[in-house]
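Q: Could you build all of it, start to finish, from the sequences and the hints given here?
Quick note: the sequence shown uses the numbering used here, first residue 12, plus one each step.
No lab work stands behind these hints: they were computed from the structure.
Treat the hints with care, since some could be wrong.
[Stated by the list, open to error] Simulated pairs of lysine-lysine, DSS-like, Cα-Cα distance not exceeding 30 Å:
(1) K235 / K271
(2) K179 / K158
(3) K340 / K305
[Said to hold, decoys possible] Per label pair, the in silico range of CB-to-CB distance:
(4) D280 / I79: 17 to 27 Å
(5) T245 / A337: 47 to 57 Å
(6) R273 / T123: 49 to 59 Å
(7) N200 / G112: 23 to 33 Å
(8) T123 / Q91: 24 to 34 Å
(9) S295 / Q91: 13 to 23 Å
Quick reminder that beta carbons are idealized off the backbone N, C-alpha and C, glycines included.
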Amino acid sequence: MNSMNRKVLTISILAAIAVAGIAVNTVVAADDNKSAATKDAAKSGATTAAKPSLTVTTAQAAVASWPIRLAANGNIAPWQEALIGAEANGLRLNDVRVNVGDVVRRGQVLATFAADTAQADVAQVNASIAESEAALAEATANAARAKSLQETGAMSAQQIAQYLTAEKTAQARLAAVKAQLQSSQLRLNFTRVVAPDDGVISARAATVGAVVGSGQELFRLIRKSRLEWRAEVTANELGKVLPGQAVIVTTPGGTNVNGKVRIVAPTVDTQTRNALVYVDLEKSAAAKAGMYAKGEFSVASSNALSVPQGAVVARDGFAYLMRLEAANKVAQIKVQTGRRVGDRVEILDGIKSGETVVATGAAFLTDGDTVRVVAAPAAAKVAPANAVTNSATNSATNAAPKQ
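A: This is the structure:
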């Protein structure tokens, strides 16, 4: 009996020891697994936090003096256009030497008429002059003889007066024929059509072989090859425009042409309530007479806080900037945009001067992203005051670049 009890006790003790060992191993394994999982999670979290979402370049918001521009539209027209016509009547056009677009000089021959008739008239008048000179010589000699006989009484006073009158008549006839020669010579000169000034031929109506009348238009000439922009400015804005102000005119093809205000019209159109402003344009192959172009007047200047155009992001109808914060995190900032000068955009509200924003890649970021900042290929410069601008706007939708 005692022997059996000892066996049972021994078996119970061994079973308890086995159960305790299994429990200890389970607890140790669980602790080991938990520790490993904690380490892996910490490692994974550290890796995720350190990994940037995008590589970007940055720029600082900077203040510079920007022009205040006044936008307008108008026609490009010749500064002065000369109409060149025929001065001789009933002559046949023999030769045309220029075409539309040709640059000509003052006095250059543009066309010639057949000169046969005019030359014949000149020859006939020269013959009449010779005849009149001979008649005058005879009358002068007769008058001299009559004067010498006046005191002798060999001739009556009436006869002497007739000889003297005949001399004066011959003189008058000679003068008349000489005047006719000048007229014929002038008509001969009119057979050559010459340019009245330097410029470029803008139109040609001359046709070889045509018989034209006096005053009929043959050519049109843009004097000095000068063009002007005739801008239409409202009466409210007219007081801002002054002679000498710089102007930038944009042709329909997108080319910018520099100009300067020459004069402001003294009257306002009663129908449109607009006034014309005449702007002298620099010579440019892109500007053509007859074009309808837009332009901007530099009426004043003001300080502007600006950022690169690529930094502005349009989302949900608003404009945003990605401002760089600590630990290379970005914060999405809602801003209000204004004028544009070159590749920079004016920021009216939302950030301050000197703050750093994402210049490239901002459209791919969201609030709180971590970025890796690299140096830009070339340092961004604040646009100068004489750069081209678009019309100022306070609408963030219009000011923000399209994505």
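Q: Straight-line Cα separation of K235 and K271 no greater than 30 Å?
A: holds (17 Å)
Q: Could you say whether the range 23 to 33 Å given as a hint is met by the Cβ separation of N200 and G112?
A: With a Cβ separation near 27 Å, N200 and G112 satisfy 23 to 33 Å, so the hint holds.
Q: Given a hint of 17 to 27 Å, does the C-beta separation of D280 and I79 actually sit inside it?
A: holds (26 Å)
Q: Can you tell me whether the CB distance of R273 to T123 sits inside 49 to 59 Å?
A: Violated, at about 37 Å.
Q: Going straight from one Cα to the other, do K179 and K158 come out at no more than 30 Å?
A: Roughly 14 Å between the alpha carbons, so the hint for K179 and K158 holds.
Q: Given a hinted range of 24 to 34 Å, is it respected by the beta-carbon distance of T123 and Q91?
A: holds (26 Å)
Q: Under the criterion that the straight-line Cα-Cα distance not exceed 30 Å, is the pair K340, K305 satisfied?
A: Violated, because 43 Å separates the two Cα atoms, which is more than 30 Å.
Q: Between T245 and A337, does the C-beta distance stay in 47 to 57 Å?
A: holds (51 Å)
Q: Could you check the hint for me, namely that S295 and Q91 are 13 to 23 Å apart, CB to CB?
A: holds (18 Å)
In this structure, the hints that do not hold are numbers 3, 6, in rising order.
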